[in-house]
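J.: Using the sequences and the hints given, assemble the complete structure.
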Amino acid sequence: MDHLLLNGKKFYLDEIQHYSFRESIPLNGYEAKTLEFCKNWLQGVQEFPVQTSGSTGAAKMMELKRDRMESSAKRTLRIFALKPEDRVLVCLNTEYIAGMMMLVRGFVGHLHMTIIEPVGNPLANVNPELDFDFVSMVPLQLQTILEQTPENVEKLNRMKAVLLGGAAIGRRLEELVQELGVPVYQSYGMTETISHVAVRRLNGPKKTDFYVAPPEVTLGQDDRGCLTISAEVTGGETLVTNDLVELMGNNSFKWVGRADNTINSGGVKVQLEKVEAALETALATFGMHRRCFAAALPDESLGERLIVVLEGSPLTEEEEINLKGKLGELLGKYELPKQFGYLPRLPETATGKIDRRGGIALI
1 MDHLLLNGKK FYLDEIQHYS FRESIPLNGY EAKTLEFCKN WLQGVQEFPV
51 QTSGSTGAAK MMELKRDRME SSAKRTLRIF ALKPEDRVLV CLNTEYIAGM
101 MMLVRGFVGH LHMTIIEPVG NPLANVNPEL DFDFVSMVPL QLQTILEQTP
151 ENVEKLNRMK AVLLGGAAIG RRLEELVQEL GVPVYQSYGM TETISHVAVR
201 RLNGPKKTDF YVAPPEVTLG QDDRGCLTIS AEVTGGETLV TNDLVELMGN
251 NSFKWVGRAD NTINSGGVKV QLEKVEAALE TALATFGMHR RCFAAALPDE
301 SLGERLIVVL EGSPLTEEEE INLKGKLGEL LGKYELPKQF GYLPRLPETA
351 TGKIDRRGGI ALI
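Here the sequence shown is numbered in full-length UniProt numbering, starting from 1 and rising by one per residue.
Rather than coming from a laboratory, the hints here were simulated on the basis of the structure.
We put the beta carbon where it would ideally sit given N, CA and C, even for glycine.
Each hint should be verified, as a subset may be incorrect.
To be verified - Pairs of lysine to aspartate or glutamate, DMTMM-like flavour, derived with a Cα cap of 20 Å:
(1) K207 <-> E174
(2) K155 <-> E179
(3) K338 <-> E320
(4) K269 <-> D222
(5) K60 <-> E348
(6) K10 <-> E31
(7) K274 <-> D260
(8) K65 <-> E216
(9) K206 <-> D223
(10) K10 <-> E85
(11) K338 <-> E318
(12) K274 <-> E304
(13) K60 <-> E95
(14) K333 <-> D299
(15) K254 <-> D223
(16) K83 <-> D2
(17) K206 <-> E179
(18) K74 <-> E216
(19) K39 <-> E117
Unchecked claim - Distance ranges between label pairs, derived from CB positions:
(20) V119 <-> T285: 25 to 35 Å
(21) P84 <-> Q46: 16 to 26 Å
(22) R357 <-> V119: 24 to 34 Å
T.: Structure representation (structure tokens):
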């Protein structure tokens, strides 16, 4: 591999390393920042600044060490059997860990990289004659491809794997991927773990409801029941997460939810992710597929009042009654939302996750 494609423009690696193309090829801001990272990597820079997504707290800058990034990349190459000269599509923001690590995997694995700016349907802006062996996307990108351009299913099925991350997998998407022949995986990871440290298969005969980490990753739990991780990407130190999990054998775990998404309503603990999963199931029962989230508002008598917020126009009174009835079959009485809220469009973080705090502020 001696070049990469960026928004349809060919850049040779020796040009990138010395930035000798800068005067001859006009660049937009995204292209310049992507090539700046590539230049630094090719020149052997040892530390790279990256911003966390801000989905669970204030966004912050971190410095990632080159050797740990290489270890993470090698693990991904091994897990998905990627070989030199394989073709990968980079369609995630390269300023954040998921997109940045796609570039690192390309360099470490000697892969052909086609890089495009993040869009809802990544295959819409790519030469239709190009095939790929691997792609990493956020769930909404894959769902958009499957719903809006089903003719691309064959292109997906020729890949070795599709990796999804950055947001929860909705019920609608989980149904859609069952029709795909390509293995689709959901990743578990964060900026602090330099991308994924575990994956779970979403479709096919090897589908699971739990994540599996490779043997070199050591998993544990703290006294809250939250996952702890020790691996080469953490420098051998134990990283304590805020993710409540159920540890299983063979280095695997089931994800329960975020510890900071556990609310106390009237003295009863409620896990927001459980409510959201039930809400998606209830909506699907009535043929509705909407993005949504659960949250809490201050309440004088309960302490915290459970609400759910749906994207789009308000439901009719009859639809709300039917939805509440279905939720009553799926949840305990203390887990039932006290209020429905609506927003024309749910706010998102820079990496495409639903921004709960922003949504609550709007409500």
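J.: If a hint holds in the structure, say so; if it doesn't, say that too.
T.: Results for each hint:
no.: 1; hint: K207 <-> E174; in the structure: holds (11 Å)
no.: 2; hint: K155 <-> E179; in the structure: holds (14 Å)
no.: 3; hint: K338 <-> E320; in the structure: holds (12 Å)
no.: 4; hint: K269 <-> D222; in the structure: holds (19 Å)
no.: 5; hint: K60 <-> E348; in the structure: holds (17 Å)
no.: 6; hint: K10 <-> E31; in the structure: holds (12 Å)
no.: 7; hint: K274 <-> D260; in the structure: holds (13 Å)
no.: 8; hint: K65 <-> E216; in the structure: holds (18 Å)
no.: 9; hint: K206 <-> D223; in the structure: violated (32 Å)
no.: 10; hint: K10 <-> E85; in the structure: holds (16 Å)
no.: 11; hint: K338 <-> E318; in the structure: holds (16 Å)
no.: 12; hint: K274 <-> E304; in the structure: holds (17 Å)
no.: 13; hint: K60 <-> E95; in the structure: holds (13 Å)
no.: 14; hint: K333 <-> D299; in the structure: holds (17 Å)
no.: 15; hint: K254 <-> D223; in the structure: holds (17 Å)
no.: 16; hint: K83 <-> D2; in the structure: holds (16 Å)
no.: 17; hint: K206 <-> E179; in the structure: holds (14 Å)
no.: 18; hint: K74 <-> E216; in the structure: holds (12 Å)
no.: 19; hint: K39 <-> E117; in the structure: holds (18 Å)
no.: 20; hint: V119 <-> T285: 25 to 35 Å; in the structure: holds (32 Å)
no.: 21; hint: P84 <-> Q46: 16 to 26 Å; in the structure: holds (24 Å)
no.: 22; hint: R357 <-> V119: 24 to 34 Å; in the structure: holds (26 Å)
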